[in-house]
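**Student:** The primary structure of each chain is shown beneath.
Number of protein chains: 2
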Amino acid sequence: MPSEQTMKAAMQAYIDAFNSGSALAVTNLYSPEATVEDPVGSPALRGREAILAFYTGSIATGAKLTLDAPIRGSHSNSAAMAFSARIGALTVRVIDVMTFDESGRFTSMKAYFAPGDMLQG
Amino acid sequence: MPSEQTMKAAMQAYIDAFNSGSALAVTNLYSPEATVEDPVGSPALRGREAILAFYTGSIATGAKLTLDAPIRGSHSNSAAMAFSARIGALTVRVIDVMTFDESGRFTSMKAYFAPGDMLQG
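Chains as they are written, first to last, in my numbering: chain U, 1 to 121; chain C, 1 to 121.
Heads up, some of the hints might be wrong.
Ranges between beta-carbon positions, derived for each pair [what the hints assert, rightly or not]: (1) GLY116/C <-> ALA25/U: 22 to 32 Å; (2) THR61/U <-> ARG86/C: 16 to 26 Å; (3) GLN12/U <-> GLN120/C: 38 to 48 Å.
From the structure, some residues in chain U lie toward chain C, with a derived Cβ separation under 8 Å [said to hold, decoys possible]: (4) PHE54; (5) ASP68; (6) ARG72; (7) SER76; (8) ARG93; (9) ILE95.
Since the hints were made in silico from the structure, they are not lab data. Where is the CB? At the ideal position from N, CA and C, for every residue including glycine.
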């Protein structure tokens, strides 16, 4: 199991890579067979190609991510963070939960937000 | 599936019931066969008796909970929230993820926090 520090650093790297505009850098934080369920309740994407396409589209919206509170670890191979995505005048309030492989790459991501978490301004 | 509003109201009721000091009120927010994994990585508790005992102990510490950001919903039967638990001079930064039954009661709770999320002051 990766250390708490390794997992939190990967979560921060995700925010930074997303904001740098590199879908490839974000995708490289995932293991090859990882799943992405964003938002929770939508069909899960699986694998590098699908994940890269997803982030290419997400980043193309111009979205920028800001943590709302410090990243949380766990007593297992998972961590969670609350952040806001700002897309022009739209703010989306999200909590992401990631699980990790031994090398500290994400094996799954689940993004919790509902229609009511999308706000103008 | 309960509405986003119902799930968020139940999450807020959890915070309020905990802070009111009533372990029974917290437990009544759970379905009878619910599970509690607090923190994630510890053995899950299952069922009303175990959950009541857990909250009786937690509330006896004097802990009080404060949301760190607005509660998030999802596009499924789950919701998540970032909060801090203050226990005397100790602050524990937590993200809770709940799943729900049709009537809006919690069927599972997972609490994400690591040793490094427990801070003095």
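**Student:** All the hints need checking, so say for each whether the structure fits it.
**Tutor:** Each hint tested on the structure:
1. GLY116/C <-> ALA25/U: 22 to 32 Å: Cβ of GLY116/C to Cβ of ALA25/U: about 25 Å, so the range 22 to 32 Å holds.
2. THR61/U <-> ARG86/C: 16 to 26 Å: 38 Å, violated
3. GLN12/U <-> GLN120/C: 38 to 48 Å: Once the Cβ atoms are compared, 23 Å apart, the range 38 to 48 Å for GLN120/C and GLN12/U is violated.
4. PHE54: 15 Å, violated
5. ASP68: At 4 Å from the nearest chain C Cβ, ASP68/U passes the 8 Å test, so the hint holds.
6. ARG72: Since chain C brings a Cβ to about 5 Å from ARG72/U, closer than 8 Å, the hint holds.
7. SER76: Since the shortest Cβ distance to chain C is 3 Å, the answer is holds.
8. ARG93: Constraint on ARG93/U satisfied, holds at 6 Å.
9. ILE95: It holds, given that the least Cβ distance between ILE95/U and chain C is near 4 Å, below 8 Å.
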